[in-house]
Amino acid sequence: MKVTIDGRPLEVTDKMTILDLARDKGIYIPSLCHYPGLVPFTGCRLCLIAVKGREALAPACGTFIEDGMDVTTNTPALQKTRRQILELILSEHAGACLACHDKGARLDELAAVDEAGPAAGRSLYSNNGDCEFRKLIDYLKPDKAQFPSLDGTLEIRKDDPLLDRNYNLCVLCGRCVRICHEVRGVSALAFVYRGSRAGVGTAFGRRLLDTDCQFCGACLDVCPTGALIEKSAHPEILPDTENNTICSFCGQGCELTLFLKQGKILRSVPAKQGSVNQGQACLKGRFLVSEAVYHRSRVVRPMVRKNGKLEETTWDEALAVVAQKLSGCPARDIAIAGSAHDSCEDIFALDKFGGEGLETENIASHGDFTAQARLRDFARLQGFEPRLNFRISDIGRAKTIVLFGENLAVSQPMVWLEVYKSIRNGAKLIIVGPQELCIRRCASSWIKLRPGQESELLIGLSKILSDSGHAAESAKIDGFAAFKNRLQEFELSGAAASLGLQEEKLLKLALLLEKRKPTAYLFGAEVCEGSSGAANLAALWNLALQTEGLLVPLSSESNARGAFEISAFFRKKDGPPGRIIQGISNGSFLTLYVVGSSLRLEKKPAAFVVIQDSYLNGNSDFADVILPQTTFAEAEGTFVNVEGRLQKFERVIEPLGDSRPGWRIISHLAQKMGMAGFSFRSASDVFQELTGRVPAFHGLGREQLTGGVFLREPEADRRRFAAAEAFAGVDAAPSIAAGPDVYKGLEMSRDIKDLRLIRGR
Amino acid sequence: MACSKAWTRHVDEKILTEHFGLANLYEIEAYLERGGYRAVTKALQEMTPDGIMDEVKKAGLRGRGGAGFPAGMKWSFVPKTSDKPKYLCVNADEGEPGTFKDRYILTHNPHLLIEGIIIASFSVGIHAAYVYIRGEYEAVAQRLEQALAQAAQKGYLGKSILETGFDLDVFVHRGAGAYICGEETALLESLEGKRGHPRLKPPFPATVGLFQCPTVINNVETLANIPAIIQKGAPWFLDKGLAKDGGTRIFGVSGPVVRPGIYELPVGTSLREIIYTHAGGLKPGKKLKAVIPGGMSAPILKADEIDIKMDFDSLAGVGSMLGSAAVIVIDEATPILDVLKKVAKFYAHESCGQCTPCRIGTSWIHKIIKRMSAGHGEKGDVDELVRLASNIKGKTLCPMGDAASLPVLSLAQKFKNELESCLKDGSG
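Residue numbers (this note's numbering), protein chains in the order written: chain G, 2 to 762; chain R, 3 to 430.
The shape of chain G in the complex, shown without the other chains (with noise of 0.2 Å):
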């Protein structure tokens, strides 16, 4: 299509509005209401552009490009038409932010209004300094004000967490309320009344704490001016720096941007350029790095247990008594317990330390108690080689969507962002599970069932399908006879029965498989664990063959996938992974070494136990030595997210106190052991030995990092049906169903009399 905007002759390919368009070629239009990735509002009526050939003018945010089209952006009638729009606006705006755009006097401004009570607040300003309504002021220059300006009338909404309301600066651009419905999938914000009260707020005006609100922040994020505004932000307090890093909170990895000043976090918001997340976050990403890192419970000395007593000293004297009772103990009789949320270098250096230097069997890594390494080792026992990795933009081509049991809003809100996408674009969405979730409104249907019945509503899907007449697609996979004449056997009705539903609802539920493919199957480490877990990832992978679907395990951990990565790497022998948890539970080892506080201790499990962890909690109490590692902010590594994505972070901040990364801890003590092979000067030495042994990291650069690359994987094999005997209830995958239920991060759940225990999130 051809176009001229201002007389530029311009060539587009793609739908898209003059507005984008004009941006993407630097041409500026006016614009507070528009904002990437929301649906055009055409509200605030400051993007009107003149259309040669037509009458009226048209909002460029909202006019799609036709061939042949003449666009005029900028003529003193547009200009004048935009500025009397704008006084308009600044008619409702607070009359102090009418010399707001004066920067000299803002600071006095604010001070005079600080003073004038009330109906005014603190709160007049915007978020980060960064004032896109004053902006606006300055390109449009309104010569004075038309009218007197209708100030501070509305009370400022103080009662919330996190954030406040003001909304008498609020310029009803909509933002908030679009980004909460359309990307967020909330709704807690909305349009209230009409005429010249319309305005933003929530249902009956009540607290956003009262509301569905997630406080994910996405709406301060889009707020042109100072409405919505950050608790913690103050006017004379302005970041200096800002550094962008990968939030550990979960095993999304989204990219935030922190905000630094004078070296100390003030506050982050999601990078808007993240590949996870593109410019979204939760409620941990967005208002919890910097109390995560300043916590009071931070401990930022190493600490030597005297006299019953913890108390701090020097890494010296820290790093020798722990390398003494090592040295003096048998390597069978010693124990380590790794932690999922470290980067991959600070793992590294443990497994190799404790498979190497120290030559233990006993390496405990949560890693691999996640969906991911049990559907790993589900197929490797069955013979075949799984794909592991995959971007959550392909559950986005999912018609329909199973999830079993994860509440993803909540766990994994990028991963649920996509899937309200796709919902939002005529997927469907079939939970599974026992509890009903707060994202169910936005689901199909809910089929409710008891943890452990997994496997029989998918059998009984299975059956349904093998036997329709779509079947012929499924027949040309091998071992479809084989599994197909196991099904013989399975009883649809009695199945039906024991899961409490109507076949007629199996047999929908089917069809909607069958008609709506490709699908895609959302599970967490709860659905594979158990003494049902085999049968259900059996039952898993044969459905997904039959109707062309992607398994996609999650993991709440922020580096879980690296950690059974490199953990695999350094396992000496095959075992149910919950041997050694269950192990340091009855107390079998002399010496124990705990990284993180993942493990969840309740009595003291050995005689000597060293806790490697950023933050002092009950642990603490059982241990001799404490070293204090940093957290992610003040170290540099990688992590690896549920996807199987690379991503590099730098140090942002100083380490706090003398706390140090774990990898530098390891580095120390194995030195003072005398061990060769830990001379790491950086985490890139680490990073680089890693790369050149662990095969799923074999020859990723670090620098190639920005934006992530994915792990190795094996190729995965030509599909096959799993094997007959994988469903008949016999667990074939390993197992730690008898196991503690230690691994507090992970969801599992345990039978307690007839009662069962359920792990959500």
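Rather than coming from a laboratory, the hints here were simulated on the basis of the structure. Treat the hints loosely; a few may be bogus.
[Stated by the list, open to error] Facing chain G, a subset of chain R residues (Cβ under 10 Å, in silico):
1. 166
2. 168
3. 181
4. 318
5. 351
6. 358
7. 368
8. 390
As the structure is a prediction and not an experimental result, all values here were calculated from the model. Each residue gets a CB set at the ideal place from its N, CA and C atoms; glycine is no exception.
Chain G is already provided as a structure; the job is to place chain R on it using the hints.
The following block gives chain R in isolation, referenced to the frame of chain G:
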């Protein structure tokens, strides 16, 4: 605009209001006795969907809601090859001040509308129709529900109507009192359970409408004309009109006239005739000052401008509009400022709030007029009104901006002297 038709029509020949005198026309038995549902029978059993659409096109039936878009043309925009369901929405959100025609149709002759709905749905291939009725019309909605139940019982609605295999369900949905929901896309939003905000066009509802599916939206009066077109033919209908478009209009006359009420007259009847012949002229002692010819958003006509044919094109020719054909008569005793105040208050209250010029502009217009009305008007206020209104006109997403600004502009221009005499400096 040129019209060759002779001015010989018997004005008592009605299409919509013929049997309004009957006390129980809304009962299906009475309606059937008067030849009701014969048009449906004819359309479904003897005509093809395309044949019906052609007939409606030829009849020159223009939308009776206000914009006057040709009805047959609107139907033909619905894509024939779409795997999505199609919907019909009947706009019964009669919110334009001065307008009360649909209310009469719905109250006295609901089956006429139902017949129209069935024929239109059959023609376009629709199996679900929604009647969006304004919230205040509670009794009217009940009556319509009753009529629908009767029609369904007689087999005119539901599965396989008249054994033709054509299915149709009609649902009544009541609004909640927002003027904006009479705008067709806001109506769709409201029907979907959302806040009544107009949608960006294109895409037009004919392709992406209710629940993202192709949708026809017609006014009550428009659809009520369909049975007559089917029964008596397009030429007969076209011939009824005294202008280029066919048929009759229901003129709702209000104000200080002898007989205010609704008058069904040929399209193109002169405004003078409506006021002086049919409505009986002004009440004794009253003198005509001005007329708003097509609902409150239509620009005002002065007393010497009423020799005008009441059809879309003629009124557009003098800078006003036929709109919903609600004739509001204003006498000399009524100060124009009062009229302006009513107009301004209404639109300032009813702006949906989406577009800046309409939301804030209407409220400033209202504030200035209130000030003038309180005797504190300042020099330049009338010009300010014009400036504000021109900044709304044509600059908003939906026609509400125009609806709010046109009457203000016309009042301020045509009665500038009277308005300025209300200002501090003007009154001397």
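Do the hints match the structure? See the list:
At its closest, the beta carbon of residue 166(R) sits 30 Å from a beta carbon of chain G; the interface hint therefore is violated under the 10 Å criterion. Checking residue 168(R) against chain G: minimum C-beta separation of about 27 Å lies over 10 Å; hint violated. About 9 Å separates the beta-carbon of residue 181(R) from the nearest beta-carbon of chain G, less than 10 Å, and the hint is met. With its C-beta approaching chain G no nearer than about 14 Å, residue 318(R) sits outside the 10 Å limit, and its interface hint is violated.
Interface hint at residue 351(R): satisfied, since its Cβ lies 5 Å from the closest Cβ of chain G, which is below the 10 Å cut-off. Because the beta carbon of residue 358(R) sits about 5 Å from the nearest beta carbon in chain G, less than 10 Å, this interface hint is met. Hint on residue 368(R) holds. Least Cβ distance to chain G is approximately 8 Å, under the 10 Å limit. Hint status for residue 390(R) relative to chain G: holds, with the closest Cβ pair at about 8 Å, below 10 Å.
Going through the hint list in order, the structure does not satisfy hints 1, 2, 4.
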